[in-house]
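K.L.:
In case you want the letters, here they are:
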Amino acid sequence: MNRMWAIVERELRKFFRSPALMLVAMVFPLVQLIVLGNAFGGKIKQARLGVVDQDRGTQAVKVREALAAVESNAHTFTPVPYDSDKQAMEDVRNGRLDGAIVIPPQYSRRVYEQNHPRIALVVDNTDNFMSSALEQQLTSLVDALNQPDVDPSRILQQVSLDTIELYPYIEYMKYLLPGSIVLAMFVSVMIGGGMLYIDDKARGVHEGYLVTPITKFELVAGLNLAGAIKAILAGVVITVLGALLSGLGSVFMPQNVLYILLLVVATSVAFNTMMFLMMVRVEDPLVPRATFGILNTLLFFPSGAIYPIKAFPAWLRFIAYIDPFTYAVHGFKAVLLKDAGLVAIRADLAYLLVSGAIMITIATALFKRTL
Amino acid sequence: MSWFSSKSKPAAHCEAPASGDAILVDHITKKYGEFTAVDDVTFSVHPGEIFGLLGPNGAGKSTLIRMMTTLLPITSGRALINGFDVSKQADAARQCMGVIPQALTSDIDLTVEENLSIYAKLYGVPAEERQHNIDDLLKTVDLLKWRNAQTKTLSGGMRRRLEIARGLVHSPKIFFLDEPTTGLDPVSRVAVWEMLTEIKNRRALTILITTHYMDEADRLCDRVAIVDHGKLVALDSPVALKASVPGTNVIEAQFLNAPADWEEELKKLEDVTSVQHEAANMYRILSSNGSKTTTELVELAVRSNVQVKSLSVQNTTLDDVFVHYTGRQLRDEQVKAYSFVMPDRPGMRP
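Quick note, the sequences are listed as chains A and B, same order.
Per our numbering, residue 1 is the first one in the first sequence, and the count goes up by one each step.
Per our numbering, residue 1 is the first one in the second sequence, and the count goes up by one each step.
Since the hints were made in silico from the structure, they are not lab data.
Just so we're clear, the structure is a prediction, and the values are computed from it rather than from any experiment.
Be aware that one or more of the hints could be misleading.
Ranges between beta-carbon positions, derived for each pair [to be verified]: (1) PRO19(A) - SER244(B): 54 to 64 Å; (2) ALA290(A) - ALA103(B): 16 to 26 Å; (3) ARG202(B) - ARG281(A): 41 to 51 Å.
Only some residues are given here: those of chain B computed to face chain A with a beta carbon under 8 Å [claimed, not checked]: (4) ASP91; (5) PRO101; (6) ASP107.
Derived lysine-lysine pairs resembling DSS-like cross-links, with alpha carbons at most 30 Å apart [to be verified]: (7) LYS14(A) - LYS145(B); (8) LYS43(A) - LYS62(A); (9) LYS14(A) - LYS139(B); (10) LYS216(A) - LYS368(A); (11) LYS200(B) - LYS231(B); (12) LYS152(B) - LYS14(A); (13) LYS201(A) - LYS216(A); (14) LYS216(A) - LYS139(B); (15) LYS14(A) - LYS216(A); (16) LYS173(B) - LYS201(A); (17) LYS310(A) - LYS338(A); (18) LYS139(B) - LYS368(A); (19) LYS152(B) - LYS201(A); (20) LYS368(A) - LYS145(B); (21) LYS31(B) - LYS88(B); (22) LYS145(B) - LYS216(A); (23) LYS173(B) - LYS145(B); (24) LYS14(A) - LYS201(A).
Just so it is clear, CB atoms sit at the ideal spot from N, CA and C, and this is done for glycine as well.
Put together the whole structure using the sequences plus the hints.
P.N.:
As structure tokens, then:
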């Protein structure tokens with residue numbers, strides 16, 4: 001096994017002597033964490049909502065007051081008075097407004113008569129996020145308007161649902177952190193285990209190895225171990241930096257440190273062996289570069305890091321179930337966001353380590369001891 | 001299982017049969033589909049000699065050396081390195097040989113000493129011997145003061161010297177070098193030749209080199225095998241090979257207004273053993289008496305009203321040997337090889 005350690009030594013000496021490439025690999029997931037975490041994590045603020053009051057009655061005034069209350073408190077939107085519903089709709093179309101509310105003529109009268117009073121909300125439904133936010137806010141507002149002046153809860157037999165949240169509110173940046181850690185390890189493996197491996201092969205470095213008495217397994221194990229160590233370093237660094245950036249203190253709790261390290265090691269092993277298996281017969285240095293984007297999309301997005309797997313169609317769920325990313329992301333979410341113990345992550349650890357063992361076995365069988 | 005252990009367990013040092021040829025290549029053939037890269041080549045290399053494989057690019061030299069060094073599987077035939085069959089006892093054979101590939105493959109991010117140390121470990125050199133071997137080799141290749149320099153800071157010649165040291169770090173008995181001076185300036189080439197000769201004498205090494213430089217083969221090698229189109233066409237010492245070519249002098253002459261039967265006229269001159277008409281009115285004449293043939297040639301040209309544009313007389317070289325055995329010049333083959341590789345420039349005229 002001394003020969004295997006010589007390969008590991010060579011790879012790590014190169015890595016520490018010229019770490020720029022690997023640092024760049026860590027920048028990508030960090031940038032993603034910061035930008036996506038801030039971009040997607042917030043609520044809609046100060047959207048421009050056109051208000052067309054064609055009624056001008058007392059009940060319409062009540063609606064306008066409710067809109068003004070939202071503007072003052074939640075700041076979801078800023079009401080902009082309009083005289084014409086056509087003009088308001090046109091401005092929603094051309095983007096001057098994010099939405100428009102139309103209080104039709106006879107609205108107050110219908111309220112008093114209890115004759116199906118209606119308010120129209122015009123939204124740009126090409127922007128699902130904005131239209132859903134406005135719809136949600138105005139539904140709450142309308143529900144409040146529908147409440148009777150005197151609370152009848154003591155005499156009505158209405159069923160109400162009280163939601164009990166198990167964990168404190170998780171900001172989107174914290175939610176993204178498990179995915180970012182896993183992505184950093186994948187990028188590290190893609191560069192350290194994929195691109196650099198093929199580049200060395202193309203430069204003839206492996207020719208130098210192949211004329212020595214090193215065995216196939218020693219060579220494959222040495223290359224994989226070195227790649228896994230680099231990915232472990234990337235994982236640890238991004239976990240600490242990401243936790244500091246997103247304010248996730250649970251990372252530094254002693255029992256979580258152990259579980260995180262276990263996950264980092266298992267994920268690095270699974271990713272590196274997977275990458276080595278993909279690249280074991282590749283000769284062209286362009287191949288890992290060309291497949292980087294495809295693999296990133298194919299493995300990262302179905303993992304549940306950004307969107308729940310349960311919402312996927314069957315074929316995408318299948319990819320998610322065999323994708324090591326899924327188990328890594330699940331494990332990190334369990335530890336980082338839920339303070340869960342070993343029971344919650346043991347299936348993830350088992351999948352990552354067993355799949356790693358299977359992949360290195362296949363890769364060794366496929367590895368050519370000759371040119 | 002060959003993944004984990006060798007068929008013959010490799011020792012830290014080459015443990016080879018005491019007698020016999022250092023290298024034996026026995027009817028070796030390499031085929032890629034229908035294409036035969038090496039065709040039934042047989043030769044042996046004696047212990048302690050420098051043996052050269054001379055041929056143009058694409059002749060099969062590198063394929064041959066790669067089969068001998070276990071890098072390529074052999075289609076048929078066998079190769080023995082210090083008595084070990086490279087197909088059946090690959091690791092034992094690997095332990096006996098040092099190999100320097102054509103490309104410079106040392107890690108540019110590592111220091112000179114780190115490069116040597118990694119390879120010493122890959123060859124299983126015991127820790128107590130490692131440092132002594134490295135120090136000795138660094139002194140031999142004159143890189144002692146550069147031992148802590150990163151390889152990327154070295155010149156091409158220094159990097160080649162590092163590669164030579166790397167190939168010797170486990171004290172092999174046989175040293176393979178694939179075109180060791182390609183890309184080096186003339187001064188560095190001579191330095192490498194001198195270094196190899198000294199190393200061979202000090203370490204009782206057997207050296208096999210491939211080259212397409214005639215002067216390199218002529219000056220460095222005890223014996224030379226000429227390889228062309230995958231076949232071995234001649235094998236002997238440079239002196240014997242040159243002696244095997246009819247004529248001791250080569251006259252290269254270019255004429256203007258030469259008649260159609262000029263080649264026949266030249267052949268009639270006394271002491272001329274062969275005439276070859278090359279491109280652009282250039283004739284290559286082999287003669288057993290260069291000065292006399294030159295005089296007669298000039299007189300013939302004057303009589304025939306043919307103008308002599310250029311004339312040179314030289315001793316027989318390995319290039320002449322190559323021409324004699326293959327009918328083509330080695331340098332022409334190299335030009336062909338390069339023109340085959342180089343794509344046309346946009347807008348280039350035929």
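K.L.:
Per the hint of 16 to 26 Å, is the separation of the Cβ atoms of ALA290(A) and ALA103(B) within bounds?
P.N.:
holds (24 Å)
K.L.:
Take a quick look at whether LYS201(A) and LYS216(A) sit within 30 Å of each other, Cα to Cα.
P.N.:
holds (15 Å)
K.L.:
Given the hinted pair LYS173(B) and LYS201(A), is their alpha-carbon gap at most 30 Å?
P.N.:
Distance ~27 Å between LYS173(B) and LYS201(A) Cα, so the pair holds.
K.L.:
Given the hint that LYS14(A) pairs with LYS201(A), does the C-alpha gap stay at or below 30 Å?
P.N.:
The given pair, whose Cα atoms are some 15 Å apart, holds under the 30 Å limit.
K.L.:
Please verify whether LYS145(B) and LYS216(A) have alpha carbons no more than 30 Å apart.
P.N.:
Outside the cut-off at roughly 36 Å; violated.
K.L.:
Would the hint linking LYS173(B) and LYS145(B) be met if the CA-CA limit is 30 Å?
P.N.:
This hinted pair holds, its Cα atoms lying about 27 Å apart.
K.L.:
Taking 8 Å as the limit, does the beta-carbon of ASP107(B) come near enough to a beta-carbon in chain A?
P.N.:
Holds: closest Cβ of chain A sits about 6 Å from ASP107(B), inside 8 Å.
K.L.:
Below or equal to 30 Å on CA atoms is what counts here, so check LYS368(A) against LYS145(B).
P.N.:
With a Cα-Cα distance of about 38 Å, the restraint between LYS368(A) and LYS145(B) is violated, given a limit of 30 Å.
K.L.:
Hint check: LYS200(B) vs LYS231(B), CA-CA at most 30 Å. Holds or violated?
P.N.:
holds (28 Å)
K.L.:
Does the structure keep LYS14(A) and LYS139(B) at a Cα separation of 30 Å or less?
P.N.:
Status holds; Cα separation ~25 Å.
K.L.:
The hint names PRO101(B) as touching chain A; please verify it with the least Cβ-Cβ distance against 8 Å.
P.N.:
holds (5 Å)
K.L.:
Tell me if the straight-line CA distance from LYS152(B) to LYS201(A) falls inside 30 Å.
P.N.:
holds (18 Å)
Checked against the numbered hints given earlier, this structure breaks hints 14, 18, 20, 22; the rest are met.
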